[in-house]
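Sequence lines, in order, name chains W and A. Quick note: the first sequence uses this note's numbering, first residue 1, plus one each step. Quick note: the second sequence uses this note's numbering, first residue 1, plus one each step.
Wrong hints could be hidden among the right ones.
As the list makes no split between identical chains, a pair holds if one copy fits it or if it spans any two.
[What the hints assert, rightly or not] Listed next, the in silico SDA-like pairs over lysine to any residue satisfying Cα-Cα at most 20 angstroms (straight line):
id: 1; residue 1: LYS11; residue 2: ALA72
id: 2; residue 1: LYS80; residue 2: THR17
id: 3; residue 1: LYS11; residue 2: LEU95
id: 4; residue 1: LYS80; residue 2: CYS51
id: 5; residue 1: LYS11; residue 2: GLY23
id: 6; residue 1: LYS8; residue 2: GLY47
id: 7; residue 1: LYS80; residue 2: THR45
id: 8; residue 1: LYS11; residue 2: LYS80
id: 9; residue 1: LYS11; residue 2: GLN48
id: 10; residue 1: LYS80; residue 2: HIS65
id: 11; residue 1: LYS11; residue 2: THR102
id: 12; residue 1: LYS11; residue 2: LEU86
id: 13; residue 1: LYS80; residue 2: ASN3
id: 14; residue 1: LYS8; residue 2: CYS28
id: 15; residue 1: LYS80; residue 2: GLY14
id: 16; residue 1: LYS80; residue 2: ASP15
These aren't lab readings, by the way, just hints derived from the structure by calculation. Bear in mind that the values here come from a model prediction, so they are computed numbers and not experimental data.
There are 2 protein chains.
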Amino acid sequence: MNNETFGKACKALGDPTRLQIIGFLSTCCCAQATIRESGDVESPTAGQVCCHVTGAEKINSTISHHLHELEAAGLIRMEKRGTAALCRLNQETLLELASYATRLASGENHD
Amino acid sequence: MNNETFGKACKALGDPTRLQIIGFLSTCCCAQATIRESGDVESPTAGQVCCHVTGAEKINSTISHHLHELEAAGLIRMEKRGTAALCRLNQETLLELASYATRLASGENHD
DNA sequence: CGAACGTTTCGTTGTTCATCGAAATGATTC
DNA sequence: GAATCATTTCGATGAACAACGAAACGTTCG
Numbered sequence: 001m002n003n004e005t006f007g008k009a010c011k012a013l014g015d016p017t018r019l020q021i022i023g024f025l026s027t028c029c030c031a032q033a034t035i036r037e038s039g040d041v042e043s044p045t046a047g048q049v050c051c052h053v054t055g056a057e058k059i060n061s062t063i064s065h066h067l068h069e070l071e072a073a074g075l076i077r078m079e080k081r082g083t084a085a086l087c088r089l090n091q092e093t094l095l096e097l098a099s100y101a102t103r104l105a106s107g108e109n110h111d
Numbered sequence: 001m002n003n004e005t006f007g008k009a010c011k012a013l014g015d016p017t018r019l020q021i022i023g024f025l026s027t028c029c030c031a032q033a034t035i036r037e038s039g040d041v042e043s044p045t046a047g048q049v050c051c052h053v054t055g056a057e058k059i060n061s062t063i064s065h066h067l068h069e070l071e072a073a074g075l076i077r078m079e080k081r082g083t084a085a086l087c088r089l090n091q092e093t094l095l096e097l098a099s100y101a102t103r104l105a106s107g108e109n110h111d
C-alpha cells in the first residue's frame, strides 16, 4: 500500500455511512455469517446491508453508490450471485492500512 | 478510539494535502528533526510545513486551515513558541487508528 | 511606540460529494 | 415471453469543503 491508496482508503472510511457499512460487514462476515448447505460462508447482499445500515428506510441507490466506492477503495469485494450482489470485507486492505498508519507513526514510511 | 473518532481521523487523512502534511511531519519529527541547544527536538513551524508541502515561500492560509483540522482530529499537536506555531505528529492517534483498523479486519470491534 | 514578521480569521468562489426519486438493467420464475 | 425481484444508473439538488486573497491579530525587535 502506497500513499495514494492509503489516502483513498481513508477517504472512503471517512464517511459515516460507509464506515457503518464496514462495521456491519466486519461483524457480519467474521462472526455472524450464515453457512450455506455447501459449507461456504454466505456474504450479505446489498439489500441486507441496506437494511442493517439504514434501518430499511434509506434509498438503495445511495447504498449501492457507497458499496461501489468502498469496492473502488479496495475495502470490500463484491460478487454477483444471480440477482443478488454479495458483499464481503477485504481484510487485507484494512491490515495494510493499519500497517501504513503504524509506519507513519514511527516515521518508517518511504514514499 | 471509538467509531466516531476513527471516522474523523480517516476523514482528515483522506485529503491529499493533509496526508502530505502528515507524511512530512512523520519523516521530519522522527528522523530529521533539528536539535535545539536545550537538547529538545524542535518541531517544524507552520511556515516550514507550508514550504515543504506547497513549495511556496509565503505562508498560506490554506495550510493553516488544514493544520487545525488535523489538530481537531487528534493527528497532530500544535504549540505556540513566540510568533511561530510548532507542529508535531501525534503518534498515539495513528497507532490507535492502526489498532482499530486491525480490529475491523478481524471482526473484533464492539461498537 | 511602531515596524516587521509569522500566523490566523474572514468572506468568497468553485468543486466535490452525499442523497434522493425515477427509470433502466439484468436475472429468475411462471 | 411476461412478470417479478434485486440492483444499478441517471439526473438533479443541496450541503460540505478546499482554495484563495485580503485583512486582522499577536509577538518580537529596533
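Here is what the structure says about each hint:
In the homo-oligomer, the alpha carbons of LYS11 and ALA72 lie at most 20 angstroms apart both inside one protomer (11 angstroms) and across protomers (17 angstroms), since each shortest distance falls under that limit. For the identical chains of this complex, LYS80 and THR17 are neighbours neither inside a copy (22 angstroms) nor across copies (37 angstroms), given an alpha-carbon limit of 20 angstroms. When the C-alpha separation of LYS11 and LEU95 is checked against a cutoff of 20 angstroms, the pair qualifies both within a copy, at 16 angstroms, and between copies, at 18 angstroms. For the identical chains of this complex, LYS80 and CYS51 are intra-copy neighbours only, at 19 angstroms inside a copy versus 49 angstroms across copies, given an alpha-carbon limit of 20 angstroms.
In this assembly of identical chains, the alpha carbons of LYS11 and GLY23 lie at most 20 angstroms apart whether taken from the same copy (16 angstroms) or from different copies (16 angstroms). For the identical chains of this complex, LYS8 and GLY47 are neighbours neither inside a copy (25 angstroms) nor across copies (27 angstroms), given an alpha-carbon limit of 20 angstroms. Taking identical chains as interchangeable, the C-alpha atoms of LYS80 and THR45 lie at most 20 angstroms apart only when both belong to the same chain, with a minimum of 9 angstroms there against 52 angstroms between chains. In this homomeric assembly, LYS11 and LYS80 never come within 20 angstroms of each other (Cα to Cα): the closest approach is 26 angstroms inside a single copy and 30 angstroms across copies.
Proximity of LYS11 to GLN48 under the C-alpha cut-off of 20 angstroms is found in neither arrangement, the shortest distances being 24 angstroms within a copy and 26 angstroms between copies. Taking the closest pair of Cα atoms, LYS80 and HIS65 come within 20 angstroms of each other only inside a single copy of the chain (16 angstroms); across copies the shortest separation is 43 angstroms, beyond that limit. With identical chains, the CA atoms of LYS11 and THR102 are at most 20 angstroms apart both within one copy (18 angstroms) and between copies (17 angstroms). In this homomeric assembly, LYS11 and LEU86 never come within 20 angstroms of each other (Cα to Cα): the closest approach is 23 angstroms inside a single copy and 26 angstroms across copies.
For the identical chains of this complex, LYS80 and ASN3 are neighbours neither inside a copy (31 angstroms) nor across copies (30 angstroms), given an alpha-carbon limit of 20 angstroms. For the identical chains of this complex, LYS8 and CYS28 are neighbours neither inside a copy (24 angstroms) nor across copies (23 angstroms), given an alpha-carbon limit of 20 angstroms. In the homo-oligomer, the alpha carbons of LYS80 and GLY14 never lie at most 20 angstroms apart, since the shortest distance is 27 angstroms inside one protomer and 29 angstroms across protomers. For a Cα distance limit of 20 angstroms, the shortest separation of LYS80 from ASP15 qualifies neither inside one copy, at 25 angstroms, nor across copies, at 32 angstroms.
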